[in-house]
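Residue numbers (the numbering used here), protein chains in the order written: chain A, 1 to 235; chain B, 1001 to 1439.
It should be emphasised that the hints constitute simulated quantities derived from the structure, not laboratory data. Owing to the predicted nature of the structure, the values given are computational and were not obtained by experimental measurement. C-beta atoms are modelled at their ideal positions from N, C-alpha and C, and glycine is treated no differently. Possibly wrong hints are sitting among the right ones.
Just the calculated beta-carbon pair ranges, DEER-fashion [unchecked claim]:
#, chain 1, residue 1, chain 2, residue 2, range
1, A, Glu-111, B, Ala-1032, 54 to 62 Å
2, A, Asp-35, B, Thr-1323, 47 to 55 Å
3, A, Trp-31, B, Ala-1036, 20 to 28 Å
4, B, Ala-1361, A, Gly-44, 50 to 58 Å
5, B, Gly-1248, A, Leu-109, 19 to 27 Å
6, B, Lys-1061, A, Gly-44, 48 to 56 Å
7, A, Gln-30, B, Thr-1271, 50 to 58 Å
8, A, Gly-137, B, Lys-1061, 56 to 64 Å
9, A, Gln-30, B, Gly-1248, 35 to 43 Å
10, B, Thr-1271, A, Leu-109, 55 to 63 Å
11, B, Ala-1183, A, Gly-44, 39 to 47 Å
Take a look at the letters that make up each chain.
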Amino acid sequence: MSLEIVLVYQSLLGIYGDQGNAKVLLKRAQWRGIDATLTQVEPGDALPDSGDIFLLGGGEDGAQTSAVRLLKADGGLHRAVDRDAVVFAVCAGYQILGHSFGVGDADDLREGLGLLDVTTTRGPERAVGEILTHWNGHEGEQAWLTGFENHGGYTALGPQATPLATVEVGIGNGDGTEGAVQGKVLGTYPHGPVLARNPALADHLLEQALGHGLDPLERWEHDELRRQRLAAVRG
Amino acid sequence: MAESMTPELARRAAPARITRGQRLHLNAAVAAGNLAAFASRISGRGSGASIKGQLMTKLDKDALAKLLQGRRIAAVSGTNGKTTTTHLLAAAVRAGLGADTQRLVTNADGANLHYGIASALSTAPYADLAVLETDERVVADVIRLGKPEVLVLLNFSRDQLDRHHEIKSLARSWRTALEAAGADGPVVIANSQEPMIVWAAQTAKRVVWVETRSVWAQDSALCPACGSELRGHDAPGEQTAQRWHCTGCDLAEPEPAWSVSGDTIIDPEGTVWEPKLQVPGAFNVSNAALAMAAAAELGVPAGTAIRGMRKVTAPAGRFATTTIGDTTVRLLLAKNPAGWAEALPIINTDTVVLAIDSVAADGRDVSWLWDVDFEQLAGKNVIAAGPRALDLAVRLSYAEVDFTVKQDLAEALAGHPNPVDVLATYTPFQKLRKMGGLA
Ligand SMILES: [Zn+2]
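Based on the sequences and whatever the hints tell you, model everything.
Next up, the structure:
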C-alpha cells in the first residue's frame, strides 16, 4: 500500500525542528521499499482525508490558539481519528489535542481539540532539558525514549488515556508519567525530532498505520547517537 | 576636517554632561579594569574585554551610561549578522572620516553585552562617534542610556529557545524603549521584510526601511500585533514581489527606501550600487544595504561607504581563510537555523566540515538541526565534527548526504590537500579561530 504522512501547520507548530519527525517517518518507510509520500498542510489548505499519519509539532501560545481554531474549522483531524488514522503530536501539539490547555502568564484556559483525554495547566517550574523515559509495555534497549523537553504546562490524564512512558530523568507530564496514548493518537513532550532519537517509536507509528510489522533497519550512527545520549543523560 | 567630509559627519557630539567627580570615579574604574584585562591577557585567559567591563561596572555602576555620553552612537542589533554589519558600518564611517579615524570607536571583537560595550568605549575616551554591536537583550538599555542617533535592526529569528522561550518578548522590549525615547530616540534603519522587526520599529520617531532578501520566513507566521495569520510571505528560499500583510489588522510590509536586488543595492534616489564586498554571500549584501542606509544617516555618502565596506575581510574571524595543521580552511559561523540557511549556500568546497556543539553559547538543544536544509549538501563529502557530531550524522543520514564522523576538530581538519570550508556553531568556531591563530 502507499502511505501518506501529513505534516500539519509547520509554520504554526514547528518551532523546534519538529518537521524532522516527518522526514524520519518518510525515509524509514521508503528505505524499506514502501511507497510513502509527505504532504505539508499550511493554514488555508484542507487536511487530506487520505492521510495515514498526521504530525503536529511545538509552538508558542498564540500559535496553539490559532491552530486549534483552524483545525476545528477544518474538521479533517477529527475525521482522521474517527477512521483510525495515526496522530503523533509533540509538546504544544500534544497539549492542544487535549480538552483544554493554559496560555500566557495568567494560565488562561483555552479549549483544545478533545482528541486526547488530557488537560494541561501551568506547572510549578518550566521543564527545560534532556529527558529520559521508559516506554510502557516495551522491553529492551529500544524501550528507553530519549529527547529534549521545553514546556511550561503540565498534563493530567483522564481515564481514557494511558501514559506513553514513565519518567527516569526530566519532567514529562509532571507526575512521573510522560505523554499519552488513546487508540492511535499519541502525544509526547520531547520535542523536535524525537523520532530521530527513538527509531523504535518511529517504526511503531509506521506499523500502526500500515497494520503490519516491519523488518529492522540497521544504521550504526542511529545506534551510536542513542548510546551517546543515554550515557549523557544518565551522567 | 577632511576635505571631502560632509557637514553632517563633521558635526561633533554634544559633550558629556558629567561632573569632574563622576569623571574621576569613572577614570579610576577604567584604570582598574585595564589592569584586570592586562592580567587576563598575560595569563592567557583571553582578551580580558569582558573582565575589564565587569570590574569597571562593579567599581562604577554608572560606567556604561557615562561612557556612552558625549558620543554620536549607531547601534547594530538583530539575530544574525550583527558583527559583520558593525564592521561594515564602522568601515563606511572610517572612510568618511578620512584622516580623522580616531574619532571612531567600535566593539570590533563581537563583545556586545553591557561589559563588552563598556570595555570598548573605555579604550577611546575622546572618540565621539561610536558604532556598537549590541546584543538583542541590551538594545533597550543602550537606547535609554546612550540615546543613539541611529539603530540598525537587521532581522529576527528563533535563537537558543532553551534560554529565550518567547522570541516576541525581545522585540517588545525594543518597541517599548523606542516609544519611551520618543523624539530623543534613534532613527531606526530596519528590515522591512520581517514582521517582528516592523512591529518593533513602529514606535520609533522615524524609520528608514530597507528591503533585504531574507531567505528565512519560518518565524513569522502570526502577526506580532494582533495574533492573526500573516499572508503573502515567500516560502523559504523562494522570492516573489509580493509583500506581506496581516489578515486581522493593518500591519503590513512598508514601502522601502532602500532595497537589495541580486548583488546590487538601490538607494532612495534609485541609484544602483554594486558593493562587490570581500565578505561572501547574499546575506552580506543585505547587511551592507542596512549599513549603507545607516551610514547615510550619519552623513557618509554611498560611494564613500562602499569604498570603506570593501575593505572588510574577516570580521572577528568570520569568513577568514587560515591554515590549521596542513589544511587551508575558511571559517564560517552559523548560530541558528536562519544563520545556517544563509551560510550553507556560501560553501564552495567539495569537502566540508560541520562542527556542532551544545553548551550554553550554542544552545543546549540541537533540535534546530532538523530545520536546516542539509539536503543541499548532497554530492559533497561532509565531515561531522564537534561534541554533537552524532546528532548531525543522524540528520545527514536522513538527508541522504554522505558523511563521516570525526568528533575531534583537529582530526576532522587533518589530511585535506585542497581547501576546506568549515561551518561551525559558536563554541567550535571560537576554538577554530584559536587553532587558526586568529584569536
Ligand atoms: Zn495583525
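Using the beta carbons of Lys-1061(B) and Gly-44(A), state whether their distance is inside 48 to 56 Å or not. holds (53 Å)
Assuming the hint says 19 to 27 Å, is it satisfied by the Cβ distance from Gly-1248(B) to Leu-109(A) or not? holds (22 Å)
For Gly-137(A) and Lys-1061(B), compare the CB-CB distance with the range 56 to 64 Å and indicate the outcome. Between Gly-137(A) and Lys-1061(B), where Cβ atoms are some 59 Å apart, the hint holds.
Quick check on a hinted range of 47 to 55 Å for Asp-35(A) and Thr-1323(B), using CB atoms only. Taking Cβ atoms as reference, Asp-35(A) and Thr-1323(B) lie about 50 Å apart, which means the hint holds.
Does the Cβ distance between Ala-1361(B) and Gly-44(A) fall inside 50 to 58 Å? Violated, since Ala-1361(B) and Gly-44(A) (Cβ atoms, about 39 Å apart) do not stay within the stated range.
Verdict for Gln-30(A), Gly-1248(B) (Cβ pair) under range 35 to 43 Å: holds (40 Å)
Beta-carbon spacing of Thr-1271(B) to Leu-109(A) - inside the hinted bounds 55 to 63 Å or not: holds (56 Å)
Kindly confirm whether 39 to 47 Å is satisfied by the beta carbon distance between Ala-1183(B) and Gly-44(A). holds (42 Å)
Holds or violated: the 54 to 62 Å window for the beta-carbon distance between Glu-111(A) and Ala-1032(B)? holds (59 Å)
20 to 28 Å as the expected CB spacing between Ala-1036(B) and Trp-31(A), which holds or is violated: At roughly 57 Å between Cβ atoms, Ala-1036(B) and Trp-31(A) fall outside 20 to 28 Å, so the hint is violated.
Taking 50 to 58 Å as the stated bounds, is the beta-carbon spacing between Gln-30(A) and Thr-1271(B) within them? Distance hint for Gln-30(A), Thr-1271(B) holds at roughly 52 Å.
In the structure shown, a violation is registered for the earlier hints numbered 3, 4, in ascending order.
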